[in-house]
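**Student:** For reference, the chains in residue letters:
Protein chains: 4
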Amino acid sequence: MIKPYFPKGDETVAPLRHSVPRRVRFEEVDALGIVWHGRYASYFEDARAALGKKFGIGYLDFYAHKILTPIKVLHVDYHFPLTFDEPFTIEAVLHWTEAARLNFEYVIRNHEEKITTTGYTVQLMLDADEEVLMLPPLFYREFLDRWKRGKK
Amino acid sequence: MIKPYFPKGDETVAPLRHSVPRRVRFEEVDALGIVWHGRYASYFEDARAALGKKFGIGYLDFYAHKILTPIKVLHVDYHFPLTFDEPFTIEAVLHWTEAARLNFEYVIRNHEEKITTTGYTVQLMLDADEEVLMLPPLFYREFLDRWKRGKK
Amino acid sequence: MIKPYFPKGDETVAPLRHSVPRRVRFEEVDALGIVWHGRYASYFEDARAALGKKFGIGYLDFYAHKILTPIKVLHVDYHFPLTFDEPFTIEAVLHWTEAARLNFEYVIRNHEEKITTTGYTVQLMLDADEEVLMLPPLFYREFLDRWKRGKK
Amino acid sequence: MIKPYFPKGDETVAPLRHSVPRRVRFEEVDALGIVWHGRYASYFEDARAALGKKFGIGYLDFYAHKILTPIKVLHVDYHFPLTFDEPFTIEAVLHWTEAARLNFEYVIRNHEEKITTTGYTVQLMLDADEEVLMLPPLFYREFLDRWKRGKK
Numbered sequence: 000m001i002k003p004y005f006p007k008g009d010e011t012v013a014p015l016r017h018s019v020p021r022r023v024r025f026e027e028v029d030a031l032g033i034v035w036h037g038r039y040a041s042y043f044e045d046a047r048a049a050l051g052k053k054f055g056i057g058y059l060d061f062y063a064h065k066i067l068t069p070i071k072v073l074h075v076d077y078h079f080p081l082t083f084d085e086p087f088t089i090e091a092v093l094h095w096t097e098a099a100r101l102n103f104e105y106v107i108r109n110h111e112e113k114i115t116t117t118g119y120t121v122q123l124m125l126d127a128d129e130e131v132l133m134l135p136p137l138f139y140r141e142f143l144d145r146w147k148r149g150k151k
Numbered sequence: 000m001i002k003p004y005f006p007k008g009d010e011t012v013a014p015l016r017h018s019v020p021r022r023v024r025f026e027e028v029d030a031l032g033i034v035w036h037g038r039y040a041s042y043f044e045d046a047r048a049a050l051g052k053k054f055g056i057g058y059l060d061f062y063a064h065k066i067l068t069p070i071k072v073l074h075v076d077y078h079f080p081l082t083f084d085e086p087f088t089i090e091a092v093l094h095w096t097e098a099a100r101l102n103f104e105y106v107i108r109n110h111e112e113k114i115t116t117t118g119y120t121v122q123l124m125l126d127a128d129e130e131v132l133m134l135p136p137l138f139y140r141e142f143l144d145r146w147k148r149g150k151k
Numbered sequence: 000m001i002k003p004y005f006p007k008g009d010e011t012v013a014p015l016r017h018s019v020p021r022r023v024r025f026e027e028v029d030a031l032g033i034v035w036h037g038r039y040a041s042y043f044e045d046a047r048a049a050l051g052k053k054f055g056i057g058y059l060d061f062y063a064h065k066i067l068t069p070i071k072v073l074h075v076d077y078h079f080p081l082t083f084d085e086p087f088t089i090e091a092v093l094h095w096t097e098a099a100r101l102n103f104e105y106v107i108r109n110h111e112e113k114i115t116t117t118g119y120t121v122q123l124m125l126d127a128d129e130e131v132l133m134l135p136p137l138f139y140r141e142f143l144d145r146w147k148r149g150k151k
Numbered sequence: 000m001i002k003p004y005f006p007k008g009d010e011t012v013a014p015l016r017h018s019v020p021r022r023v024r025f026e027e028v029d030a031l032g033i034v035w036h037g038r039y040a041s042y043f044e045d046a047r048a049a050l051g052k053k054f055g056i057g058y059l060d061f062y063a064h065k066i067l068t069p070i071k072v073l074h075v076d077y078h079f080p081l082t083f084d085e086p087f088t089i090e091a092v093l094h095w096t097e098a099a100r101l102n103f104e105y106v107i108r109n110h111e112e113k114i115t116t117t118g119y120t121v122q123l124m125l126d127a128d129e130e131v132l133m134l135p136p137l138f139y140r141e142f143l144d145r146w147k148r149g150k151k
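Just so you know, the sequences run in chain order A, B, C and D. To convert, note that position 68 of the first sequence is 67 in numbering that gives the first Met the number 0; the numbers rise steadily by one, no gaps. To convert, note that position 44 of the second sequence is 43 in numbering that gives the first Met the number 0; the numbers rise steadily by one, no gaps. To convert, note that position 55 of the third sequence is 54 in numbering that gives the first Met the number 0; the numbers rise steadily by one, no gaps. To convert, note that position 103 of the fourth sequence is 102 in numbering that gives the first Met the number 0; the numbers rise steadily by one, no gaps.
Hints should not be assumed to be uniformly reliable.
Identical copies carry no separate label here, and so any pair may be met within one copy or between two of them.
[To be verified] Simulated crosslink set (DSSO-like; lysine-lysine; CA at most 27 Å straight-line):
1) Lys71 to Lys147
2) Lys65 to Lys2
3) Lys150 to Lys65
4) Lys113 to Lys147
5) Lys2 to Lys71
6) Lys7 to Lys71
7) Lys7 to Lys65
8) Lys150 to Lys113
9) Lys71 to Lys52
10) Lys53 to Lys71
11) Lys150 to Lys52
Just so you know, the hints here were simulated from the structure itself, not pulled from any lab data.
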């Protein structure tokens, strides 16, 4: 039902997935009683950060190698609203690519497992001079190798 | 240079445009010294709200007619960062459609008139029972008529 | 070392305490690399909401009885900063009072158990006509009875 | 009616005042239709930053001298709520002190000039080693001189 955001790449390498549970906080709800649309960038970031941390490719890992990974594209599709105190999960899905970029897809599901929100982000990699990297840095290529061999 | 987000519709009706000036606030800047990517939904909303108010089709106008206009899609392309205290303008561009939807495009320019960020949102119209409207409500059709005749 | 925010009331009734664990999110950190001071209202609310939920006196419990509990005072003392990705706990402490008000104190501790931030909030209770209640509503007085008898 | 937050210091030096106009944004309003209490730190900061800029003692001025001015205390008293799209002004009042600290008071007034919110912040000054300064840096003492002589 939800169309894929990224074209199929190397079919032999399955995407990496990680979910985090959350609950809607009072301050995230707008005057209509639903989560304000602008908060979802933050939800996506929660899952992206957790996946990055789990696999050793988080903000601090890149930062330790003096690489920045700025967001170049953010896209959100709102299917159903979330309301105050509602539990939900945010799944981040990292799609395979050997390019120096991070292609993340996100799926938010409410407590009935209904998909409420989907979206994606694209991140580039910049070196210390803020030049766009053409190839991923060594530590990331080692991660790609482990991923390809199925040992994350 | 920036590709159009919405396909050309009725060429005879030019889009409506409205810009608001802003300055980057301290709390909008992240640990890297640039505006956090998740804040741009808020910037877009500032210009969208101002345009809506100017033309009598803002949140409160819809609300007075018991119509909600939830965001269904948000898309942001980040071209260049904005930094603390930097002045910039947010332009909202409402594209013509006779459907019961609001197709907004956004262009953010820094003080050198360089385009730093672009994006779009799509909003549907819901009635008091939260049913999606197939046709715009009467007050909005009257607005469309004025727009078409060039008298906003 | 940290002075008490609320004068000792009925000494026989100990305050209620509840802690929630958190980790500093990227969007909460400012250009100086520390949590922006304005975010702490949100941290306090997380612990206050969790305590309220645990004891049946949360937002939704009051709301079910058509009572609002607006914040009248917020106070925050910043002792030490928190940094990105740092784990911490927020403790909410509800102090005893038979008045129609909620006196909460907060203590934030970092992963070394060092107190980084303290503060308090005062909330009044309003009925459906937004009149300030002189006495707590029945459901809250029953809660006070259970609290006093030591059965929360 | 509103009690002074700071004890009267040197009576001969009047406080500095600066106001900024604002309008309540949609994202600042909570599920009850009023500005969420946690947003006021941001309102205070808007006026504080504008006053600082006007008198050459803003974030960037301190930063240029390698001095940080972290917030040590934030206090907010909520008298009346603000609602969506409501225009209001935030006045920042800098109180005289020769100590290495910034004592700011804030007064928010709605479009009827009614005081809706008051509060204060206390900031210390830290040098590049994050040591608390006992005396203000030279550029700030020169500002104090101008202030005292009535030429800001």
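**Student:** Each hint: holds or not?
**Tutor:** Structure-based check of each hint:
In the homo-oligomer, the alpha carbons of lysine 71 and lysine 147 lie at most 27 Å apart inside one protomer (25 Å), although the nearest pairing across protomers, at 36 Å, exceeds that limit. For the identical chains of this complex, lysine 65 and lysine 2 are neighbours neither inside a copy (35 Å) nor across copies (32 Å), given an alpha-carbon limit of 27 Å. Proximity of lysine 150 and lysine 65 under a CA criterion of 27 Å is satisfied intra-copy only: 25 Å inside one chain copy versus 47 Å between copies. Taking the shortest Cα distances, lysine 113 and lysine 147 never come within 27 Å of each other, neither inside one copy (31 Å) nor across copies (41 Å).
For the identical chains of this complex, lysine 2 and lysine 71 are neighbours both inside a copy (21 Å) and across copies (15 Å), given an alpha-carbon limit of 27 Å. Taking identical chains as interchangeable, the C-alpha atoms of lysine 7 and lysine 71 lie at most 27 Å apart whether they share a chain (20 Å) or sit on different chains (25 Å). Neither within a single protomer nor between protomers do lysine 7 and lysine 65 lie at most 27 Å apart by alpha-carbon distance, with minima of 30 Å and 43 Å respectively. In the homo-oligomer, the alpha carbons of lysine 150 and lysine 113 never lie at most 27 Å apart, since the shortest distance is 31 Å inside one protomer and 38 Å across protomers.
For the identical chains of this complex, lysine 71 and lysine 52 are intra-copy neighbours only, at 21 Å inside a copy versus 30 Å across copies, given an alpha-carbon limit of 27 Å. When the C-alpha separation of lysine 53 and lysine 71 is checked against a cutoff of 27 Å, the pair qualifies only within one copy, where the shortest distance is 23 Å, while the shortest distance between copies is 31 Å. Taking the shortest alpha-carbon separations for lysine 150 and lysine 52, only the intra-copy value of 16 Å comes in at or below 27 Å, while the best inter-copy value is 41 Å.
Hints 2, 4, 7 and 8 from the list above are not met by this structure, while the remaining hints are.
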